[in-house]
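Hints are included, so try docking the two chains, each in its own frame, into the full complex.
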Amino acid sequence: MSVARVRIGVDVGGTFTDFVLVDDHRKLIFLGKQLTTPRDPSEAIIAGIERIVREAAVEIGTLDGVVHGTTLVTNTVIERKGAKVGLVTTGGFRDVLEMGHEIRYDLYDLFLEKPKPLVPRHLRREVDERIDATGAVLRPLDKAGFRSAIDWLLEQKVEAIAVSFLHSYRNDVHEREALAILQAEYPGVPVTLGSAVAPEIREYERSNTATANAYVQPLMQRYLARLAEQLSGLGHRGTLSIMLSAGGLATIETASRFPVQLIESGPAAGAIAAALYAKLTGTDHLISFDMGGTTAKMCLIEDGAPEHSSEFEAGRVKRFRKGSGLPLKVPVIDLIEIGAGGGSTAWIDGMGLLKVGPESAGSEPGPVCYRRGGEDPAVTDADLLLGYLSPDFFLGGDMSLDLGAVRQAVDAKIARPLGMTVEQGAAGIHAIVNENMAAATRMYIAEKGRDPRRYTMIAFGGAGPVHAYGLAKLLKLRRLICPLGAGVMSALGFLVAAPAVDMVRSYVTRLDVADWSEVNGFFEDMRAAAVERLVEAGARVEELTFTRHAEMRHVGQGFEISVPLPDGALHGAALDEVRAQFFRKYEELFGRRIDGVGIEALTWRLHATAPQSDVTLSFAGQKGDTGGRIKGERQVYFPETGYAPCPVYNRYALRSGDAFRGPAVVEERESTTVIGPGSTVAVDEFLNLIIDINQPAGTMADPGADPGASHADAR
Amino acid sequence: MSQGSPDAPVFDPISLEILWSRLISIADESAAALLRTSFSTIVRESNDFATGLMDANGDSLAENTAGIPSFVGILPRTLKHFLARFPKESWKPGDCVITNDPWMATGHLPDFTLAAPIFHRGRLVGFSGSIAHSPDIGGAGWSSDCRELFEEGLRVLPVKFLREGKIDETVKEFITANVRVPDQVLGDLFAQVTASEVCARGVSEFLDDAGIDDLSALSAALQERADKAMRRAIEAVPDGVYRASLQADGFDEDETRIECAVTVRGSTLHVDYAGTSKQIARGLNSVLNYTYAYSVYPIKCALDPLTPRNEGSYRSVTVSAPEGSILNPRYPAPCSARQLTGHLLAGVIYKALAQAVPEKVSAESGSAPTLRSVYSGTDRQGQGFSQVFFASGGMGGTSLQDGHNCTAFPTNTGSGSIEAFESISPLIVWKKALRVDSGGTGEFRGGLGQDVEIEVTSPTPLRLSMLSDRQKYPPGGLLGGGPGAAVSITLQDGTRPHPKSRSILQPGDRLSLRFGGGGGFGDPANRRREAVIADVREGYVSAEAARTAYGLHDAEEG
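Protein chains in written order, with this note's numbering: chain A, 1 to 715; chain B, 1001 to 1558.
Since the hints were derived computationally from the structure, they do not count as laboratory data. Errors might be hidden in some of the hints.
Quick look at which bits of chain B chain A covers, simulated, 3 or more residues with Cβ under 8 Å [claimed, not checked]:
{"#": "1", "segment": "1317-1331"}
{"#": "2", "segment": "1421-1428"}
{"#": "3", "segment": "1462-1474"}
{"#": "4", "segment": "1490-1497"}
{"#": "5", "segment": "1515-1521"}
{"#": "6", "segment": "1531-1542"}
Positions of the beta carbon are idealized from the N, C-alpha and C atoms, including for glycine.
Chain B with its partners taken away, still in its complex shape (with noise of 0.2 Å):
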């Protein structure tokens, strides 16, 4: 590197934040060019999507910033089943390994990841990656229904889609064949493939800047920077054993039970699952990769936000789950709507921490899980129309401050334009708006859900597919406070569509849906007076709510 003083050691504290921070932001160019060029609805509604630097090891380097907790360190796993099929000597310039295998990737049929050799002058210096959510991967759509991952879509093991610049045929022919809409899921995995060229590029100039032949020495000082900043704070955390328990609705009498045990000793923090739920013939079956994630995600965010993401972020963080349960299921569990499982991890995680750093983290999310509709049918055009409805529940109250209402939490996935969804489907949407008393009482309140209503305008029926849970177990409370509010998913005569199956709805058809609270942090009793007063003014919480949870007396409304 030219930067710096002359005669200073390469990697002094100056030139190490240079060089990270140049990593970091080849892995941003690379996902800002596979964002813009992706198809996917889910891609970019929900940021689900996240590309990836590894060194010669396949270790992981470079995170892109926005990446999304889905797939957290999930990366490097994948390429090193890539490298157990392919071994490192085999990859040539220009070639690309696909697969969407649940095991070997990030949980679901429905991702691709992909991963392309970065060479350096002839020698092989490190590996490219990205993850995104396909446009379609045939089967039974997005659902959470299925008995076995065969109804779920087609799934490719590592294979070079691309060799030495040229597409195989036949992987092409294969996809093509077996998805709704080939052109624009080909599309995205070229996306994909035009990421690794962004970032090749990237790493291959940074090099010639930095004066250095590979990564790897710069990846080991890296990773134990990263490595020291997680230690230094697990080592603030009470050493102990820290358990708690958590019950879903899971799929009819199939309920989901997450036991966690959270064992901190000295630098190390390990998550247990033993005597979770066994994993089921329904798609909520959470593979251990996709655990892994959702369990790192919010220990990282609760005792080191700041340092960025790569391989020594999780070295001194581990995760077992029981083989055969839900969360960590044996192949061919269906495993589609895996996120109705692996959402709930944040929350038991810090039910478990609460009680040795509670100032540190929040209390469950109202949208962990995430509730999604899904329509499709034939439009008042009549084309084909298939529509994801995206809106969030609110977030856990903290030791500092009230949840957010409508904010996602564990995963990171917005809302669209109700303009912009009305004008690709045959639906209305006659209201979204706050739902008032939804956020679970406490000293800090749980952020407040949304209460949704949608009328099906289409000449002909619409098949709809929901995925969601916590309609019997409502999101809890930490430390005193108390449960947001249920979901509640209702047609106009009060009949309730299946939470996590397909069924038809009929033109004219309302369909209400209650998107739930956050729940609360700390004793109600000793939520400040002004904020109850401003909540019954700005009609948050109702005077009654206000009255019997908080004792709030009708003369002090003012």
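Isolated chain A, as found in the complex (with noise of 0.2 Å):
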């Protein structure tokens, strides 16, 4: 899909709203940003691409496409401001979204709060029928009985209904009776069927995903439609697509569909942004890491994509608190976030130790040195102790950063306290939030099975290019890469993005009596399923791809693994493939094999995606700066060597085919790079800092490595 084009991708995040236009023809790219306006995000995106349209010579009826991605959703679940919605489930069952897991989540604390369900029990209504796990009809559905809970739903004043009956993963006949019944004699209310938004096995995920999907379709829809009347009003006459949390893109009928699937819309960028330079800085293995003022998020990179997860967990009642919210059956981009962001605070536990995050100042009221009232010492006001920020170039200089405010809050807050110096104090805040992201990394990457070191780190946001270093040391990584226009990464996310359908299908079997004609011709059906959509979002079927995975385990396992399925039909001859990549995943992912144990599928997936886009990444639509590389030089502390005097480049003065050695700062206007003492730095062709990191050698010892492999990487 090479078409030239002229797009424009938008990032609603919680501050603001980036943009970037990509122009095909001239071989430009365009950076803009517009503070977020929260009540009708709209605004901020119809003012900022106004202004970029302007800014880079293009009409904006000769626009060829907008894609967008949004927080909206997740913000409404977290917010809990979505629709007043009613469900209907099976006779006996319609607690199922309120029990959840039935854990605690916090072994020790006796207080914990449970995050609540998305429909109140009240509204949670029960009807006659009943599947079983074989499809086999064992109660028909009770249409009068649904008709009056109906009824009395809408008596309830509910905005949209949702439906969620037992297996209907396996057959939707009821939900697709009771479909028949809404569309026909209750015209105009929104319904999502569990078996139409999650056919997959587990009541309580798919519950919840249904019911939430439900929740937030009302407001979606409003705002999906105004959106594109808003565009068309300015006289865009292009597409306007959506990023799924996949990461593939979707039209807004089916965005408005399936509203959940937007769920995690916007880190999905990143994500996709990261795999682009992975491609093009030619790295196999690489983690995108994303720091911004809240959250960081990392991401693994495998040959060029990021990896897929079908599950996602919303409105985490306590933060970052795995099992504090709600499971969501939604396919996603496999990415870990966490309390560590440039707001994120430092404070003195109970035992006299110091602690940062995941409590975080936000932008309101800021770090101390933002002169907001924030009164306790976050990392930004750390990074700017060390030396790694300039008081007087934040934000391009459009901020300036109250640097005796900080040493007063670190002294008063937490260096006395601990009996140290505000410098020593600074350098903890700095090594702490570093420590919890690693150890958040190291943890992910190990759940996979896999080394961190073979990895090189891509860093981006706000904050990413300032800890990226310190971070990679930690996860003895050898290389780092900090790309131009490190706060708007998210938004090129969009730009290279695809149209892209994930399809599913729950069916249990052990592999040796599996039915294979019923799962041949289940994904026939997703196929096809996959290719209207598609071609509806614009895609040619020629040049569409689909990769098939499987979800399977051995038999008495609980955890089931994501393996890839051969190409063509499947039958008990190709049963000797699947069981190999089975094994060949497993050892991946565990170190050994089992055999003598059956092996299990449950859940079959189909990915189908259009080419992505190549997009073009000289960013000669920004003004170069002709003056010295070198601006200056300040006082930075690096742990080697305390603090000492560090040249301060202007990133915007940087050519491809630069080197130099740490210890440096390269500053641009969204963010600052810093690179510690012993590493080299080389530019190249896309502007991006190529850091080699100086590790100590003693460290690197790892019987279970290929140092073959890590050392060839380095040198």
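Now the structure itself:
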């Protein structure tokens, strides 16, 4: 799909809405930023688009497309501001939504708060019907009972209906009957079926997903419709696409039907952009590290593609605590998010130890240095004290930072209580937030059975390049990539992404007794549905690619692993290959294989995608500085040297082919890259900083890894 | 450690924080490896496993974050038995010692405890350890009605399962010959070996990074911090002797009576169970290790929930129970279902502590002990199957909030999906619903239990093993709160299967399991009106119960 086009990517974040305009004809990229308008995000979007087309001298009517990602869905769930939903369930099971996994996510907290279900008990109604695990109907749907349930719910003024029956992933006949009644007799009521939004086994997750979809749907439909209308009012004649959580693009029709799939729309774009850089720089194993004001996100990019997951936990009631949210069955990019950002605040715990985060000062009141009333020292404050940030060049000088107030706060709240100097306190805050991120990254990689040392890291987000060097050192990485325009990477991801669809069916079977004609049948159905949706989104059938996976496990195990399936029809003869794939994947994850125990498959997935776009990375649209590369020198702290004089580079004056050694600080508008002593920096053709980190040789010993490979990468 | 200021002392509050969280994350990585590679449904559904890191003396340094109460503080105790049998000098890299002896380890045969040495630059610097519930251990399977330990399965005294990385074929053969699913049992033991390797690799790398030679100085510093935190928490409790007792159904005529005296003196706390029922010839006996774990755990929840655990956390807390009692039985007492007794301890300790610090404790839990039913037989395809049904009663109310509905305490077992359960067993679950009016009344109501109805759809009869209590004596309330609803287990004809024994279910039988509610906290008269009205609207409390227990009139319901 290398048709030359002019497109705009828009990323609505918590504080800023970022814009990227890519003009394939002129091979130019333009960047823009606008303060987010939380009450009506489309206000900032429209203003920003008007501005960027003006700056790029593009006629709005000639734009080919606008690609959009939003945190609206996530925020609606977190803030509990969605629609009043009625849920209809199988008789005896309306409390599935409330019981959840019946687990305490914090073992020691007697007073823990559990996430409330999105639908209160009195709005959950039961009807008589039952299908068993094989899909056989045990009791027909009581249609009269269903009608009276709906009548009652509408009397309660619900704005949307979710229907979720047991085993509907296996046989959706009763949910379809319910839908037919609703469409014929209650037109205009938005309806979500469990079997339509998440046809997967496990009733709690499926019901939750259906409910969440219904919960955000009215709001998202209104929002998307208005945005489309405003854009066409502006004269836009091109497409409007929305990024799904799995990194594919969808039309606004699809997005309006399944808005729950937008839940991780924003973070997905960052991972897609990182994947683009993996390809550009020829990096096979990449960790994408995106650190902003309140959180840090890490994602693995293998062979140029981010990994996917089929589950996401939304609306955690205890910050970042696994298990404290609502588990959704939604295709997402597999990434972790932790409470570590520039705004994360430092505090001293009951044992007199220094802690950082997960609480954040956010942008209001913000870190102490913002002078907006923040009193608790934050990570950004420590970074300022350590010389990483300049008090006079924050956001390119738009905001000046108050160093004196920071000193005072760190002294009073951290250094004096701990009996240390202000500098030691600041170094501690920086070190601890890095350690928190390193621990989370190690765990994330360990759960996949891999070794962090084989990875290169790419850093973006406002605080990413400030902390990447320290984090990469802790993870014993050899190489770090810092792209230009770290602050708008996510918006760029929107323009790389292609229309894509994920389809799924659950069918639980041992491989040796599987009914392959059934498997082939539903793969055919999924393929046809995927093609239809992608063609609707503007793709051509012959350019689509399809990949298939099944989630499998040994009989008796509790965790499934995602195993790639061979192309073509599946049958008994293909079984050996499927089995071999299972063992390969199993050994990769767990380091061993087990013979003599059967294998079963539960869930079958199809991923269909159009080819991604080639985005030119010529930043010629940004004015390069012609001044000197080094704009000054200041005292900067590194653990190896303490405070020492360090050159400050102007990012916009660096040219492809430039090279220098650390220690160095490289300043650009939205971020600052910190490079420790002994490391080398090279600027590549895309103006990326390629930083080779000097890791002490003694720490590289690892009996499990292939030393040849890791050393070859580094030299 | 290269972080922190270069001129700072080794274990300043910053390095200590960094080093400590690093050790916990090593234990967590080790736990992740174990969890993902294990077969045992009980490991995954109940989180019934733990990993830990001990120093060269065998003292615990770090435990995995999500470990379960049954295993709190047990790993180092078991390791000390290992060291008595295999002196420190005799451990070689690649050795793994295992046991499932209830007295040395976790109180019943299905749990395997494994420990392995960690060497760094040729020196023994510590031990990694793990505990996991095995898929099978032979004998009678999971049941509470055995009369002797020997019926309950294979017992393995401490033995080197691996010697320098090589499996001991004799040990392997013994295990293989005595369990129903040897591949899975051995597979799970290797999951524990993998967990140990992950831990050892992490520690070695950690020592390199930190630039220290061994763990001893760090261990002492961390234990001191944890010890201090717990002592400070105990000091906040007024000195005194607080007594409470609790009655449970026990086995037939052998009812269980727990007598508990909590003595707080300065920074120490002692729990004594003198006067508690004698051990019985059924599998309800809780060995002292298990009694200890389930005594220390609720105390930590109430007094010092935030500090990470290590040997120091438990130094100021001691537990005693008379030898020969149901809380400290003599070998070879049967003990397979020791949870039916051990889970009661949190309730009785809180009843005692409520006299001193009522704001820190909760009323009794509707799943203390848990209600388990195990189904085995032949499925519709003629294959053998065995499934445990996991679900929970309600939690007790506290001084701040109502008890959570259907949430286990003191154990932390989840519940599986009904769809998944039905897809691998010839059973249909017709109902899984909140049990109205089951929460004990109170200013803060007890959490609701649940009603479950299960039909047998296999072509041939099934075996049912019940492990339950609380039919006669429901979970109690605190400070004027009412008791939660009692457990009830009935068949369609009104007959009651034995609550702690094995019985036969016929095709078409329908079993009704009613899980207990949590006890209420405080006088129901003080419950906020809006809370009572909301309870009636949501159907947690019936209109009639709202009238009788809370004095709510119809007019108020709106």
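Structure-based check of each hint:
no.: 1; hint: 1317-1331; result: violated (count 0)
no.: 2; hint: 1421-1428; result: holds (count 4)
no.: 3; hint: 1462-1474; result: violated (count 0)
no.: 4; hint: 1490-1497; result: violated (count 0)
no.: 5; hint: 1515-1521; result: violated (count 0)
no.: 6; hint: 1531-1542; result: holds (count 4)
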